[in-house]
Amino acid sequence: MRMNARHDDVASHAPDASGLSAERANCAPAPGDGAPAPAREPGAGPAVVIDHVSMIYNVTSTGGGDEVPVSAPVRWARRALGRPPIVQNLAVHDVTLAVHQGEFVGFIGRNGSGKSTLMNIVAGQMNPTSGRVYSVDTPVKLGVNVSLVPALSGEKNIRLGCLAQGMHPRRVDEILPELVEVAALGKAIHWPMKAYSSGMAARLRFAVATATDPHILILDEALSTGDAQFRERGQARMAQIREQAGCVLFVSHSMAEVREMCTRVVWLDQGDMLMDGDPETVTEEYERFMKQLAAGNNLAAHKRKFELMDRLVRTELREMHA
Amino acid sequence: MTSNTAQVSGGHGRPEDRIVETFDPTAMQAVGARPPLRTYLKDLWGSRHFILYDARVRLAVSQDHTLLGKAWIVLNPLLLGFTFYVIFGLLLRTGRGIDNFVAFIVLGLTMFMYSSRSVVSVSRSMTSAKALVRGFMFPRAALTLSIVVRDAMTQLYALGVILVFLLIVPPLEPISWTWLLLIPVFVLQTIFNWGLGMLLAPAVHRIPDVSNILSFFMRLWMYASGIFYDPSRFVSDERVLALFHFNPLYQVLYISRDLVLRAQVPSWSSWAVLVTASLGILIIGFLVFWRNEESYADER
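Residue numbers (the working numbering), protein chains in the order written: chain A, 148 to 469; chain B, 3 to 302.
Treat the hints with care, since some could be wrong.
Only pairs whose alpha carbons sit at most 30 Å apart, straight line, appear in this in silico DSS-like list of lysine-lysine [said to hold, decoys possible]:
hint: 1; chain 1: B; residue 1: Lys132; chain 2: B; residue 2: Lys44
hint: 2; chain 1: A; residue 1: Lys450; chain 2: A; residue 2: Lys438
hint: 3; chain 1: B; residue 1: Lys72; chain 2: B; residue 2: Lys132
hint: 4; chain 1: A; residue 1: Lys334; chain 2: B; residue 2: Lys72
hint: 5; chain 1: A; residue 1: Lys303; chain 2: A; residue 2: Lys341
hint: 6; chain 1: A; residue 1: Lys341; chain 2: B; residue 2: Lys132
hint: 7; chain 1: B; residue 1: Lys72; chain 2: A; residue 2: Lys341
hint: 8; chain 1: B; residue 1: Lys72; chain 2: A; residue 2: Lys303
hint: 9; chain 1: A; residue 1: Lys303; chain 2: B; residue 2: Lys132
hint: 10; chain 1: A; residue 1: Lys303; chain 2: A; residue 2: Lys334
hint: 11; chain 1: A; residue 1: Lys341; chain 2: B; residue 2: Lys44
hint: 12; chain 1: A; residue 1: Lys438; chain 2: A; residue 2: Lys452
Worth flagging that the hints you see were computed from the coordinates, not collected in a lab.
Based on the provided sequences and hints, a complete structural model is requested.
Structure (structure tokens):
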């Protein structure tokens, strides 16, 4: 079992040189010396394992000189057909992470840093180019671009969304009034969804996604379009999910929100992981980095980036079979 | 318990901190992995409530952008019948030796267009329904089935309208008990559509160009299925007739025309072709679709 396979050097605490991983180690229950580990108890193993995930997009580009080299006939054929050359976009580069039950992990980074791609991959909406994601339960993702049926009323969309998550119609009947209340849309609940503002639609989606009490919830800037009332309610609901031995992966550009809610923060930049640690340290470092970029100190910022990548406390996965 | 910091020698010859995580991949599910066939079928059965509700509401809102709304579900087949009545019944008055040529064409077209529409929409579903797949926990075959059910409900309206049309537009067709046998034809045709759509879906998702070719192919198939003619009048070559005989969609038209226009039950060999083709295509199509389950999440 897990105990037997544990490495000896793992059992003893190594001092944290950077201090970044102190928070991480505290998240998981501390190992009692020699005490047998309960194998399937909540919190025993990771809830989500991201195993060396990389994602490369092949996109057409109208310039830049970074095209993927192809043989001459292919190039001629593409030119004859008016198809622009293909370039490769490395959106996620070899990310390895393990998220435990009860953790609330924030993902931060500039636009185009691969946060959303990674979330799509964890949710199973996209296959990574290489690597695999393992999870103890089906992850439920709530994103900004989840579209239900625009012509359908809010109430019917809630019903459809619940059924799409495998709920029994009787159960939907039971909890529908409660969900309508969670969405707090007033009489707009009877309007077609295409008449909704983005904030109203976000409320509705949130009600649908949290209806099944998911163990693994992925939020991709899902709260950013909502008002203060909705955000508060959403945060309370997410705290509840965390208490029920679930975990939340959370993408946000609001550092205040990340600091307030997350127990751990991962910083991605152009597909690379730069930091993985406690919210205070990572968000501070990120804000300093962004300030440098905004001030035009690109060289200093890039130097900092490589320093951070070098210092990063990487996750090493070891497989073991019960 | 499983998360710990360990001193591991880094590549640069200096100590480096790592977090060692142990996990049991067999105790967890690989996200996006294709489940075994039995689980897949079980999950598909579990999705039945979603499939029926989804098909119903999508049919209900399918004409919401128009003024007349749901009335178009009935008006579309009615106008189709009327078109051919004007051309062949009033203007040309030709039957090419076929009794009630208007009914012959209208019934044939209604039956054939059901297949061509449904096969194309099912085969495109993995590309077109991307938005729906998000936040969706079922096997993706559930999505194809939902489209099949919606198309089948549309076709039920169309069939009802066309049968009434044949009863009220001259030359009148006498109603007969054999009309009831249209129900098994409809069921078998629906199974055929679903199977063929699933068979083509992986290819259409991988190479979207296939979808354009498919439209041409369905048109070719339509003219090869005796939409406007009775092949036994033009063809004497046994081999060519055999081609028609083993064309399941020709059999759909032939059987339904026999049942409705000639009030007779077609030979067992026609039924045998239709049953074999439908069930065969369903099994092959389902297996092919299931084998490619993971590929539908590939970025295109």
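> Against which earlier hints does the structure fall short, listed by number upward?
Replying inline: Of the numbered hints given earlier, the structure breaks just one, which is hint 11.
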